[in-house]
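Student: Could you build the full structure based on these sequences and the hints that come with them?
So you can see what is in the structure, the chains are spelled out below.
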Amino acid sequence: MVAVTKLRAADRHGEHMASLESIISVRGINKVYPGQVHALKDVDLDFPAGALTTLLGPSGCGKTTLLKIIAGLLEPNTGDVLVKGRKVTAPGPERAFVFQDFALLPWATVLRNVGFGLELRGMAETKRNEIARRYIDQVGLSGFEDKYPHELSGGMRQRVGLARALAVDADVLLLDEPFSAVDEQNRRKFQEDLLRLREIERKTFIFVTHSIEEAVYLSDRIVLLSRRPGRVSQVITPQIDRSGSPEEIRRDRAYLDTVEEIWQGLRQFVD
Amino acid sequence: MTLFGYRLPMMSSLVVWCLIWEIVGRLELVLLFPPFSGVLAALVELVQSPKFLAATWTTITTFCIGMALAIACGVALGVLMGRVRAAENLLGMWVNVFASAPLSALVPVLMILFGMGEKTIIVSVFLFAVWIIALDTQAGVKHITPSLIEMARSFGARRFDIYAKIILWAALPEILAGIRLGFIRGVKGVVIGQLLVSIIGYGELFELYSRTFLMEEFWALTIVLFAFALLVAHLVGLLEKRVEYYAGVRQ
Amino acid sequence: MDARLEDPVAAQMAAQPGEAAHSRRQNLWWRLASIALFFGAWEIAGRVPINLAFPTFSATVAAFFEMVGDGTMLKAYGLTLQPLIVGIVLSAVIGVSTGVAMGLRKSVEWMVAPVFIVLQAAPVAAVIPMVTFVYGIGLTAKVISVCLLALPVIVLNSYKAVANVNPSLVAMCRSFLGSPWQQIVKIILPDASPVIFAGLRLGIGAGFVGIILAELLITPTGIGDLITYHRAVANYAHMYAAIASIIAFSALTLSGLQWVEENWVRPEKRGS
Chain A
1 MVAVTKLRAA
11 DRHGEHMASL
21 ESIISVRGIN
31 KVYPGQVHAL
41 KDVDLDFPAG
51 ALTTLLGPSG
61 CGKTTLLKII
71 AGLLEPNTGD
81 VLVKGRKVTA
91 PGPERAFVFQ
101 DFALLPWATV
111 LRNVGFGLEL
121 RGMAETKRNE
131 IARRYIDQVG
141 LSGFEDKYPH
151 ELSGGMRQRV
161 GLARALAVDA
171 DVLLLDEPFS
181 AVDEQNRRKF
191 QEDLLRLREI
201 ERKTFIFVTH
211 SIEEAVYLSD
221 RIVLLSRRPG
231 RVSQVITPQI
241 DRSGSPEEIR
251 RDRAYLDTVE
261 EIWQGLRQFV
271 D
Chain B
272 MTLFGYRLPM
282 MSSLVVWCLI
292 WEIVGRLELV
302 LLFPPFSGVL
312 AALVELVQSP
322 KFLAATWTTI
332 TTFCIGMALA
342 IACGVALGVL
352 MGRVRAAENL
362 LGMWVNVFAS
372 APLSALVPVL
382 MILFGMGEKT
392 IIVSVFLFAV
402 WIIALDTQAG
412 VKHITPSLIE
422 MARSFGARRF
432 DIYAKIILWA
442 ALPEILAGIR
452 LGFIRGVKGV
462 VIGQLLVSII
472 GYGELFELYS
482 RTFLMEEFWA
492 LTIVLFAFAL
502 LVAHLVGLLE
512 KRVEYYAGVR
522 Q
Chain C
523 MDARLEDPVA
533 AQMAAQPGEA
543 AHSRRQNLWW
553 RLASIALFFG
563 AWEIAGRVPI
573 NLAFPTFSAT
583 VAAFFEMVGD
593 GTMLKAYGLT
603 LQPLIVGIVL
613 SAVIGVSTGV
623 AMGLRKSVEW
633 MVAPVFIVLQ
643 AAPVAAVIPM
653 VTFVYGIGLT
663 AKVISVCLLA
673 LPVIVLNSYK
683 AVANVNPSLV
693 AMCRSFLGSP
703 WQQIVKIILP
713 DASPVIFAGL
723 RLGIGAGFVG
733 IILAELLITP
743 TGIGDLITYH
753 RAVANYAHMY
763 AAIASIIAFS
773 ALTLSGLQWV
783 EENWVRPEKR
793 GS
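Residue numbers (my numbering), protein chains in the order written: chain A, 1 to 271; chain B, 272 to 522; chain C, 523 to 794.
Everything labelled a hint here was simulated from the structure, so no lab data went into it.
Taking lysine to aspartate or glutamate pairs in the DMTMM-like style, the calculated list, with each CA pair at most 25 Å apart, reads:
| hint | chain 1 | residue 1 | chain 2 | residue 2 |
| --- | --- | --- | --- | --- |
| 1 | C | Lys708 | A | Asp101 |
| 2 | C | Lys708 | A | Glu94 |
| 3 | A | Lys84 | A | Glu201 |
| 4 | C | Lys708 | A | Asp169 |
| 5 | C | Lys628 | A | Glu75 |
Tutor: Structure, rendered in structure tokens:
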């Protein structure tokens, strides 16, 4: 069985991603949770290097499961995850994860939290603090180095989570609904920052969300997953001019059309 | 825990422990432990003796009276502390102190105040159980979503209705959790009370067995007590599960 | 981390945030009022008197200072605290390591957990007279009594703390390539420590019960001796003073430990 991959939007706009090599591939992934919950079924996907790919779908479609399988945090029942052509089964230095609930150490300062990935690798304290400070600055949290997570707002906490993932200098950033526990204003601000970061960092992003607008606003490619058992139902490549201001992008014709198109595609999965 | 592909049930290791007990007893390693089989034999004999039945009756009646008082007072005190800030400020500290204090030290006082009889035991049970029930009830009452009470008020509920139809029910999961812990503490209260008074109920039997070094009878009686304590905790736990969905809804 | 604890007191102790300076001052006034209310009620009940064997608060305080003055109180506490401290230290070391091992390893959990679940729910006090008979009236019997009461709650709290560690933090550690050892030292133990500390405090509270029972049941020594002796000679004020002092002592010890924990051990709680 082969997953149905319809490149409708891509057909229309002309595929420009094809030229990019894929940094991560998943092949024939199946995941069945105990109790015969079939979360993912025959998922085949390629993630182009340097692109931001969004996994979008109704809740419970297995998008987080897929992301955690790519991260090596969960094992698929069948199928492989290939990073740069090599099969992986566990977390590796080339992938970094940003958690939905932030997963910050409540007993550690922002500085130590951001440097925690480096600490685990045994890097000396002065060195890792130097790197951590750089990324704290980059996510706009300078001055908060010695605060504890409970003293920060949700949006700031997620920035710490992002900085921690950036600090280990992985090629691929895996973001699991990073904005779902953040209020709307922070969410928008953070989305803009993420776009800016993409320009600077030149990393590959794989992003899980259930917000259509967010997916269209941020992504180079959007993978729509069907309801459980999750499979790839559509891959969309929005062609949106992101050179303008956020307000212009959100009023852009292509942006609005893509949102509408995805909604039509997802509609069938809504009860 | 799985062994050779079989799932072992949670409490099954107790069987292993009983075997170890038997071996330790047979080898006479520790003076304190006679062989488990001997204890079981003594247990069978014990539960048939009229002395034991009389002691059981005393224990159960004193325990029930003490617990009934503790639940009534504990819930009332907890609701009061949960609803009235002054009450919480004035009484909260003492309830907390008594909930974790070594109340066994008070039993000698109770013996003087209430005599060497059942009254002392009832008061011990009450004192051991009441504080934790009050604390849990207070926690439950304080965590009620304010919108529930506002809802009742907006539909014109009277003060009494709000207490009887909203607060008590909304706090029920915590109240039951408190009562379950109260029961466990109450059992400890009834045992410690009887041990210290030592002339009524199981206390008298314990005194007899340990003075005459009847290890097997002593352990048999201990097992009966442990079983009674676990049974009580289990029964309240069952009741608690039936209302657990309330707590699930609230979270 | 929202571990549903067996004992809500532990949960409360584990999650009691500090307060701002203003409300702290207000709290002090309430506390004083609360103390005055309790002791006032005691004084009145003693004056009435509700019972001939019920001394007034002032008489009890006088008796307390008399015993402090002539040194009997200090000597009694010396005798009582010695086995208590030995027992608590033993229970803490054995209890925390057993509990952590149970939380980390399924096989240890299966073997050991039921024993402590039974001991936790059961009236272990029943065994104390027998322990005293077998091990005599020395230090050993009292230490065993303390351990019998303190161990189960320490073990079970440590076990639950480790079993309920925030799984997201563990996943985070794995995804950033933490080794199993780093996972235990840098994630599991720090995340479990508030509940473990709460268990230790409950264990110390239970240890007080253990030592008092040991002293009251068979061998009157230390505070237990003061209680038994003054009761026998109908010196009720002295008896009450001894009882109230041990209850106050245990309450102060427990809240002192909580203060130390909040202000020294857990930096993220300070000034929140």
